[in-house]
Amino acid sequence: MIRTLQDVLDRVLDTISFHLTTYVPPLVVALIVLALFWLVAKAVRWTMTKAIKGAGIDRFLSDSGLRSMFDSAGRLHGTPLIAGAAYWLILVGGVLAALNVFGTDLTSRMVEATVFLFPKAVTAGLILLVGAWLAQYLGRSVLVWASNEELPAPRRLAAATRIVTMFVAVVVASDVLDFAPRVFFAAFVILVGGAVLAGSLAMGLGGRDAVRGYLGERKAKESEEEKSLWSHL
Amino acid sequence: MAQSLLPPEAQKAVAAVEQADIVIGIPSYNNSRTIGHVVQAAHAGLAKYFSQFTAVIVNSDGGSKDGTRDVVLGSSVQDSQLLMLSTPLKAVHRLSFPYHGIPGKGSAFRMIFQMAKDLNAKACCVVDSDLRSITPEWIDLLLRPVLFANFDFVAPYYHRHKYDGTITNSIIYPLTRCLYGQRLRQPIGGDFGMSNPLLCRYLERDDWETDVARFGIDIWMTTIAVAEGFRVCQSFLGAKLHDAKDPGSDLSAMLQQVVGSVFALMQEYDSAWRTRNGSTDAALFGFRYDVGLDPIQVNVERMLNQFRKGGEDLAEIWGLALREDTLRAILKLTKYAGPKEQFRLDDELWVRMIYEFGCAARDNRLERGHLLRSITPLYLGRVASFVVETAEMGAAEVEQRIERLCLTFEDLKPYLIDLWFGTKTAAREKAPQSEAPQAREMEA
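Those sequence lines, one after another, are chains E and H.
Residue 1 is where the first sequence starts when you use my numbering, and the numbers rise one by one after that.
Residue 1 is where the second sequence starts when you use my numbering, and the numbers rise one by one after that.
This is chain E alone, in the form it adopts within the complex (with noise of 0.2 Å):
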């Protein structure tokens, strides 16, 4: 009985022996290599903060229109967002280095996919913020065009061209990143699709009527201008 209960403590003993002696030390040079890439990830940040002035990117974030896009207090900056850029990026090269370290299938299965994704999922973001900066770009446009046309709705028009071009630069991106892209790419075409079917029938069915009365209020509106038109130049 004692013999077995000896022989029971010893396999886990070598079990965790083996363990300590298997994981500990990469984990411990896992641990070192993660520190490390966080001083020189934290150096590289107050260096980039202190050294670049950012003002082409300042430039570049207000003229774009993605600084009131993202902050209409226009607090965001150049400097901070690309130091803030380097940070992240060494930060998470410093977790693939330190699972590299682990040398497990797991591990490497883990930072090969990472690797192979990165380039799609930094073409998907960029794809997703040039996306919002269009859909909120023709959204005004439409916005303010339709104000000053008088048309009806302009904010719902506004609106529906915002969903409209997100909706488009999420199917692309989605299919950049090969996520679903048969569901996205058919809701795109039924979306669409329907939408003309939908405007077709209303047209045809019930809206002929109301069409004709709007295009002939409105060319009366614009007679009416004609007569009222002065220069205000």
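No false leads were slipped in.
No more than 20 Å apart at the CA atoms, straight line, and that leaves these computed lysine to aspartate or glutamate pairs for DMTMM-like: (1) H/K335 to H/E348; (2) H/K332 to H/E348; (3) E/K53 to H/D363; (4) H/K340 to H/E301; (5) H/K335 to E/E150; (6) H/K332 to H/E301; (7) H/K309 to E/E149; (8) H/K309 to E/E150; (9) H/K335 to H/E316; (10) H/K65 to H/D128; (11) H/K335 to H/E324; (12) H/K309 to H/D250.
Here are a few chain H residues that face chain E, going by a calculated C-beta distance under 10 Å: (13) G165; (14) T168; (15) G189; (16) V258.
FYI, nobody ran anything at the bench for these hints, they're computed from the structure.
Glycine is no exception: its CB is placed at the ideal position from the N, C-alpha and C atoms.
Given chain E, put chain H in place with the hints provided.
Here is chain H on its own, set in the frame of chain E:
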């Protein structure tokens, strides 16, 4: 000549003429119906008042398809009809060329200025091709201050109907006056005289491909002249009667180009206007007289509707440009439901709004086109308020009303400086009161 922007046929013409003392420029686009009269007036003005000078009339055409250029080259005037005291010594050359670049008045002017520079002209003036009220005296009034009184820039001074030139009266004149301190009553009048150094300065600039190429050219010319310290004056030209504007021309686009140019120039010349307080009269040439003006129909109800609709739709955009209290006051006004005769968008609110939009354009808080076009309903609200307020007023009273608006612009200039430069102290200091407007009349 090596850096000339002229098309080859214009360069050949310049080489043939070699030198001219005076250049009269007439931009055109499908103006065959009216341009003949303008050319005749220009020709007669040169023969009558500047017979001792060599002169060229240049038509800069935007690709007219109605034979505008043929009319320019074919129109003639009989000297015997002009009752001249002396016989003209030199013939007037008449040229017509299509300009290149962005279609618009600015591109047309660029070619005219380039020709004037290449011909080493002492003075140049530009007149619109759709004028029905131009007389030979206009040419004298636009050129004489440059040739004989050393002025660099002559702006027009017209008699206009109280509801005519509403962008000028409500934004451009008060703002330009308040910023640069010169009371040029028609800064975007369209008919100007200028000296050789000034037109060379215009040609040096690299912003010809912007809104300047279109409706922005007039304010661009005026602002550069006043902001850079050129000697400026005005000439009284009487009434300005011209063709009705194209009904399809878009008010929003017009506002965008004109107001956008003012805001862009505000940015460029902020060090110049920051230190200028109050305003002074600009010398006024010509003999002032009253003229009958065509009545103008204005649909106040429709303007108010667009103002109200703007409040419903564009609050999100206005919110990015305006301060909270200004926006709140504007939105409250858009909900006004009382009688239209009592509707008022008061001066102070209007001025603050213009200043805040100017700062928003400078800060690129949103795309400039969106920002500027979103002013349209606000502008219509202001015009509606002006129309109902001045409905029973005569021309002199209306002028006083505009003067009051100008003084509000000047009084609130410290507020603009505060917003623009972020100096808290400036906002509290009141700018010195302007001198009472006393246009000096001088006979040329």
